[in-house]
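Take these sequences, add in the hints, and give me the full structure.
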Amino acid sequence: MFGSKRRFDIKSYPGFLPVTLLCLVILYAPLLVVTVYSFNASKSITIWEGMSLRWYVDVFVGPESEKFKVAAWNSFVIAIIAASVATTVATLAATGMIRAGKFKLRGLSFGLISLPLMVPEIVTAVATLIFFNAIAFERGLMTILLAHTAFCIPFAYLPISARMQGIEDSYEQAALDLYATKRQAFTKILLPLMAPGIISGFLLAFIVSLDDFIITNFVKGAGVETLPTAIFGAVKQGIKPNIMAISTMLLAVSIVMVTVSYFVSKSDNTK
Amino acid sequence: MNQDNIAINVQRAVKRYGTFTALKEISLSIYDNEFFTLLGPSGCGKTTLLRMIAGFEDVTEGAIQLFGQEIETLPPNKRPVNTVFQNYALFPHMSILDNVAFGLEMLGRSKSEARAKAGEMLELVQLSQFAKRKPSQLSGGQQQRVALARALAPQPKVLLLDEPLSALDLKLRKAMQIELKHLQRETGITFIFVTHDQEEALTMSDRIAVMSAGELQQLGSPRDIYEAPRNMFVADFIGETNLLEVSVDDIQNGRATCHLGGGHELTCNEVQGIGVGAKVHMSLRPERLFISEAAKETASLRGKVVENIFVGTDISTIVDLADGPNFIVRTSNSDRGNKRIFEPGSDVFVNMELGAARLLVD
Ligand SMILES: Nc1ncnc2c1ncn2[C@@H]1O[C@H](COP(=O)(O)OP(=O)(O)OP(=O)(O)O)[C@@H](O)[C@H]1O
Ligand SMILES: [Mg+2]
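Order-wise, the sequence lines are chains A and B. Heads up: the first sequence is residues 21 to 291, going by our numbering. Heads up: the second sequence is residues 60 to 421, going by our numbering.
Simulated from the structure, these hints should not be mistaken for lab results. Cβ coordinates follow ideal geometry from the N, Cα and C atoms, glycine included. A hint or two may mislead.
Covered stretches of chain B (in silico footprint by chain A; criterion: 3 or more residues with CB under 8 Å from a CB of chain A, positions within the stretch not fixed) [claimed, not checked]:
| no. | stretch |
| --- | --- |
| 1 | 127 to 136 |
| 2 | 139 to 148 |
| 3 | 156 to 169 |
Calculated Cβ distances over 10 Å to all of chain A for the following chain B residues [unchecked claim]:
| no. | residue |
| --- | --- |
| 4 | E84 |
| 5 | P100 |
| 6 | H152 |
| 7 | T326 |
| 8 | V330 |
| 9 | P384 |
Here is the structure:
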């Protein structure tokens with residue numbers, strides 16, 4: 021704070037530098053390799069033969085382009101719908117949890133909302149599949165959409181509820197005091213104040229849906245692909261550089277979304 | 060005052076939170092056009108009572124009437140009562156003008172009409188030039204005035220103010236006290252003002268309700284409360300006072316003779332409910348005492364000066380009574396010409412007019 025000397029300067033701990041570097045390498049080296057080699061002119065995925073956009077062109081016009089286009093379209097449509105529905109549900113849930121005062125099963129409710137984050141995804145995937153089978157729901161795009169909507173809710177819920185907790189009750193009380201109805205107090209005061217949390221929740225849900233592989237792979241119908249399952253399918257027949265190009269584009273979308281989400285959630289319109 | 064100009068009538072109102080009783084059978088009437096203050100220490104239930112009037116808390120038992128009409132069943136947005144919140148609660152995402160116009164818009168006025176009226180209100184609190192700003196771009200004092208303008212814009216019958224000045228520095232607070240009092244006179248709206256600052260309450264109010272621990276201790280004009288405190292709590296809470304344990308020896312012709320140990324004797328006015336033999340407390344305001352070298356004919360107590368403390372407008376002298384308690388005597392700096400300041404160690408007499416001492420029902 022004042023001056024540069026802090027009492028617990030983490031940098032002074034022995035081994036700080038090597039541990040940090042190791043973590044960074046493990047986390048980012050693979051991504052870096054994929055990104056760099058997606059611009060490789062060679063057909064090989066290991067030998068660098070110079071800079072080229074060849075594989076990006078291949079993604080859009082190459083032999084597999086049709087497959088990827090459909091998969092990408094599916095992914096985006098599902099992500100947008102699932103994230104929208106999940107965000108709406110999460111907003112209502114947060115309003116209930118944080119604005120409805122103390123109710124009996126509040127602790128349990130919170131647990132139920134956030135538990136899916138801790139359940140191993142494979143378990144959720146199997147359970148979802150069994151569920152759809154049990155009710156004889158035909159697998160296809162719809163099953164993916166429903167599953168995504170469900171597991172996106174806790175992701176959307178976290179930033180939204182965090183935001184709502186930071187908004188004092190007194191704003192809504194002031195609105196009620198100034199003759200607003202409950203609905204007006206919600207739409208004119210609470211909702212605008214929550215907007216950063218809601219946007220951030222939406223983006224997070226969108227990314228989670230866009231990237232999901234395990235659950236999608238279980239519940240999708242035969243022949244229905246999203247981008248991650250299509251990539252997986254292609255990789256099974258050998259890794260080609262065009263996969264790296266797609267992955268890099270997906271990575272770029274994620275980075276943009278996460279960055280926007282971060283800045284939006286940090287922007288504070290209550291100040 | 061008659062029944063017709065009672066703005067708010069609180070009848071045996073009780074508020075419980077679970078097993079905890081925050082308000083114990085409060086009954087009081089607040090008159091129309093009055094500057095009424097709820098005064099009491101932290102946690103005594105001032106905010107609770109205010110929130111019950113505003114409609115944010117329900118009344119556990121009893122009733123509250125607004126101009127003769129029961130209001131407990133009305134939600135807050137149906138009560139012609141507006142609140143200035145302690146933290147102002149200005150809508151952060153709206154401009155100052157929109158904040159002030161909000162109430163009128165919710166009442167169904169057109170946007171242009173609401174804004175025109177809001178503009179007038181901002182003029183009243185001298186903030187017209189800030190109409191387009193957001194609340195965060197104003198100072199605390201300015202935000203306070205916006206909150207005031209916002210609450211006044213819909214022309215409520217009653218304005219509730221919950222410690223609106225507590226966040227301001229002393230100078231600004233004094234200025235706002237005067238401004239608030241002016242506004243109240245100008246608008247003729249009933250103000251119910253909450254504070255724990257007794258000086259603020261005395262300065263601003265027409266009447267004060269002193270509360271402690273969920274109970275009404277005394278209700279009266281600032282003068283009543285200061286000069287004729289009903290009990291120990293009120294005497295101690297309002298202003299500075301010397302509280303002495305005395306026993307009543309004799310009562311004759313409305314005068315009570317009391318002794319306070321060490322052979323000291325004092326005569327004061329009789330108080331109903333305190334008879335001969337009673338052991339009670341007596342309150343003596345320091346500014347109503349004076350020190351002299353020789354005994355006076357009125358009540359005089361012998362003692363020794365311990366210390367003189369300079370407190371700006373006054374000098375407080377601590378006098379140790381022979382075989383008795385310590386006394387604080389206050390001498391205004393403005394009449395130092397007439398009254399001597401005695402050095403520590405001087406033998407002196409503490410004197411008072413009859414009526415300066417007051418017996419308290421505990
Ligand atoms: N929601 C609640 N649940 C339980 N107890 C409460 C609640 N609100 C207030 N209380 C209690 O009621 C009592 C009165 O509270 P209140 O806020 O009215 O005090 P106050 O006089 O306004 O104090 P302050 O000057 O500190 O604002 C306090 O003891 C408080 O702890
Ligand atoms: Mg309070």
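Evaluated hints:
no.	hint	in the structure
1	127 to 136	holds (count 3)
2	139 to 148	holds (count 6)
3	156 to 169	holds (count 4)
4	E84	holds (26 Å)
5	P100	holds (23 Å)
6	H152	violated (5 Å)
7	T326	holds (53 Å)
8	V330	holds (43 Å)
9	P384	holds (46 Å)
Checked against the numbered hints listed earlier, the structure breaks hint 6 alone; every other hint is satisfied.
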